[in-house]
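Undergrad: All chains should be modelled from the sequences, with the hints used to inform the complete structure.
Letter by letter, the chains look like this.
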Amino acid sequence: MFNFHYRLERNAMGLVLAIVVVASIGGLIEIAPLFTIDETVEDAPDMRVYTPLELAGRNIYIREGCYACHSQMIRTLRDEVERYGPYSLAVESKYDHPMLWGSKRTGPDIARLGGKYSNEWHVAHLYNPRDLVPESKMPAYRWLMRNSLKIGDLGEHLAAMRAVGVPYTDEMIANATADAYGQANPDSTQAAGVTARYGEATNVSLFDGKPETLTEMDAIVAYLQILGRLTDVAHKTEQASVE
Amino acid sequence: MIQGTWIIQRGGVGMVALLTALERTYAAIILVFVICVGVAMAVAGRGDLMAAHGWIVALFGMVVMAVLLRGIDAPEPWEERFREYYDDPTKVGIILALIWGVIGMFVGVWVAALLAWPDLTFDAAWASFGRLRPVHTSGVIFGFGGNALIATSFHVLQRTTRARLPDQLSPWFVLIGYNLFCVLAATGYLMGLTQSKEYAEPEWYADLWLVIVWVVYFLIYIRTLARRREPHIYVANWYYMAFILVVAILHIVNNLAVPVSIGHAKSYSLFSGVQDAMTQWWYGHNAVAFFLTAGFLGMLYYYLPKRAGRPIYSYRMSIISFWGITFMYMWAGSHHLHYTALPHWVQTLGMVFSLVLLVPSWASAGNALLTLNGAWHKVRDDAVLRFMMLAAIFYGIATFEGSFMAIRAVNSLSHYTDWTVGHVHAGALGWVAMITFGSLYALVPWMWKRPALYSARLVELHFWLALAGTVVYVFAMWNSGITQGLMWRTYDQNGTLAYSFIDTLVAMHPYYIARTVGGLLFLAGAVVAFYNIWMTISRPAPVDEGAAADLPVEPPAPRAWAQAGE
Amino acid sequence: MSFDHDTVTGFAKSFGLFYLIAMSIGVIVYAYWPANRKQFDHAAHSIISDDEDRPCP
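Chains A, B and C supply the protein sequences, listed in that same order.
Residue numbers for the first sequence follow the numbering used here, beginning at 1 and rising by one.
Residue numbers for the second sequence follow the numbering used here, beginning at 1 and rising by one.
Residue numbers for the third sequence follow the numbering used here, beginning at 1 and rising by one.
Because the hints were derived from the structure by calculation, they are not lab data.
Heads up, some of the hints might be wrong.
[Said to hold, decoys possible] Within a straight-line C-alpha distance of at most 20 Å, the following computed EDC-like cross-link-like pairs (lysine to aspartate or glutamate) qualify:
1) C/LYS38 - B/GLU230
2) B/LYS449 - C/ASP53
3) B/LYS91 - C/ASP6
This one's a predicted model, so the numbers in the text were calculated from it and none came from an experiment.
TA: Below is the structure:
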């Protein structure tokens with residue numbers, strides 16, 4: 001009786017093991033080599049990390065589900081390169097936790113959106129896309145203008161990003177809240193610290209046009225203006241032939 | 001409706017009464033623990049959205065506790081229960097699946113309408129496309145599909161092993177715990193909590209909770225199999241097991257993340273960039289494979305032969321396709337990343353395996369259709385069986401289309417367009433929903449010991465609504481996807497791109513309206529199904545208990561349609 | 001042995017193929033092994049037998 005039961009149990013566990021082994025080897029073989037990929041990926045010594053304000057904007061982009069309609073991945077196809085710019089390189093999203101490559105273009109790709117339009121254009125477009133593009137299907141994100149941005153805990157966000165491998169310094173983490181404020185208020189005393197820590201090229205600007213308050217609109221526009229501009233390696237390197 | 005409330009109350013107390021006193025005590029302890037965790041989350045997450053989720057967890061725990069307390073004093077259940085299968089969780093799971101189905105499909109129609117008329121957001125953040133879309137996807141995949149899988153798996157597992165579930169508490173833990181996960185997911189999206197990983201959006205604490213639920217689910221399976229009275233494990237259980245095991249692997253790996261703090265809902269994914277993309281689509285594609293395919297093939301391999309009264313055409317073929325699917329799907333995920341920054345060899349590998357995958361997929365679809373060969377008169381007369389047949393056909397179509405779209409050249413046209421959306425819905429509406437409705441229609445009269453469904457005509461109506469809705473939807477998306485893909489790459493005689501992006505979006509408008517209509521038809525069908533099943537349940541059971549026990553296992557052929565067909 | 005990118009991908013590409021072939025042969029042998037025929041036939045018929053809907057005692 002004991003033997004009978006034992007045999008049955010062993011068969012069931014055998015099935016379990018077989019399923020796990022058969023299924024996981026496929027994923028393992030395909031994914032494991034990608035973790036040694038750093039050796040083959042392009043080098044981008046000039047690449048900088050997201051500022052606290054841009055990271056906050058990126059989190060709003062995620063929160064609102066923008067990735068459901070906008071890709072950030074230009075494929076190696078001729079028409080895409082002509083429409084959107086140089087095709088995306090792996091290194092460009094190496095600080096993207098998680099990546100936002102997207103899977104659907106109900107709206108256009110925005111991998112190289114940064115610098116293409118003015119801050120005023122973005123604010124007006126997010127406030128009501130149909131004011132600028134009458135045929136647009138994009139929702140009107142008016143609440144971004146109403147909501148003040150939560151910046152008190154940005155240091156913790158940076159620390160978490162550092163825990164997953166993004167090279168934020170102690171100084172960046174300690175000053176995260178002040179830097180977020182400074183980047184959106186060029187006339188404030190905090191503004192100088194932002195360029196000191198993140199580079200002279202950092203976009204310090206009155207993103208939403210209102211100096212007195214820091215809104216979610218400031219953050220999302222700061223993020224949209226950095227898209228594709230953390231490094232210009234894609235513009236510098238000779239691009240292989242596109243199909 | 002009053003009658004319905006009465007049924008819920010009586011059902012709730014009756015179901016609690018079937019638990020032993022010890023099981024009721026354990027249930028109370030677990031619920032107290034859940035409520036405490038909810039309150040702790042609310043305290044730790046002050047000033048963060050996590051606090052809202054903490055209160056939702058606590059409230060959820062209290063509602064379940066209230067149901068438990070109503071029957072806590074019931075006498076100890078009699079020993080006779082061991083002579084019956086334990087079907088209460090299956091019954092509740094069926095109802096939950098239908099409720100989630102109607103909610104998820106309703107939100108689906110809403111997001112479809114938003115693409116045609118974007119101002120339906122009404123300036124409310126929670127009602128915007130980006131937040132509602134995951135409510136739709138999770139609502140139908142996890143809410144509708146997941147609950148149906150859990151409910152049917154408990155039923156199939158017991159019948160094929162001829163053993164009762166090992167205890168009465170753990171199935172409830174799995175079913176109710178899983179629905180807590182679904183509630184956290186859906187409410188989280190509305191508030192803006194998402195990891196942004198498609199079909200894995202819920203944040204870290206919901207993911208951890210699902211791991212616990214899933215381990216218990218697996219243990220139920222293993223413990224029941226260990227008690228089985230049939231030497232051979234029927235193939236449907238293989239599929240359910242693959243569903244449980246591989247979803248666990250996928251879920252854990254893809255959701256590895258570091259939370260900002262214990263009091264923050266937000267977390268940052270462990271992987272970044274190209275590794276994150278590959279992990280995500282390894283997950284995404286295999287969620288399709290092991291959640292939406294393997295699990296529902298388990299349903300197909302039990303309910304279709306059972307309803308048709310014929311054994312599966314080739315049992316050997318079902319084994320070969322099982323291992324083929326288990327093995328090959330895992331390699332195919334990279335076809336979601338053609339022409340991207342993913343290394344070329346990984347893209348090629350994904351393409352090759354996607355093509356080979358057609359063999360086990362069509363073996364399954366063919367096996368199902370050949371099982372019906374010789375019983376076409378039943379398919380003609382019985383809309384329930386016709387749901388299952390249509391599911392097998394759509395499974396064949398969708399898997400062929402999937403392999404086709406994985407070819408790099410085809411993918412360059414189809415990717416990022418509505419063709420992908422159309423393909424997913426050919427699978428989701430045509431295959432997953434059809435096999436689910438077919439199986440639930442078969443299962444409901446057995447579970448509630450009714451001679452037949454409330455109305456065979458309504459099943460017939462649902463069948464045609466579902467088929468029409470699917471066809472309208474899929475054709476609209478094929479048209480819009482291929483049109484847009486071609487417009488994106490069209491050059492004029494000067495060698496410059498002929499259409500601006502907005503030109504291509506304008507061309508989509510009629511298809512977006514057609515898609516909304518298709519979705520509305522399908523939703524109407526689901527509402528009809530809900531009404532029909534609800535009426536079947538709430539209609540009083542046959543008076544003569546002795547006669548009820550003598551009822552055939554197979555419900556008689558629906559008479560109304562037989563007449564109409566003549 | 002060093003775990004650089006080329007080694008790992010090389011192993012993945014070659015081993016994957018052998019694994020696929022071995023696994024396919026194993027499954028087909030199992031499915032068509034004559035001694036298994038009886039239990040497969042029994043399993044296929046077991047779910048539609050008209051036993052009463054109760055667990056075995």
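Undergrad: Each hint needs a verdict: does it hold in this structure or not?
TA: Verification of the supplied hints:
About 14 Å separates the Cα atoms of C/LYS38 and B/GLU230, which keeps this hinted pair within 20 Å; it holds. Simply put, B/LYS449 and C/ASP53 have alpha-carbon atoms about 11 Å apart, close enough for the 20 Å limit, and the pair holds. In summary, the hint linking B/LYS91 to C/ASP6 is not supported, as the alpha carbons are separated by about 54 Å, beyond the 20 Å threshold.
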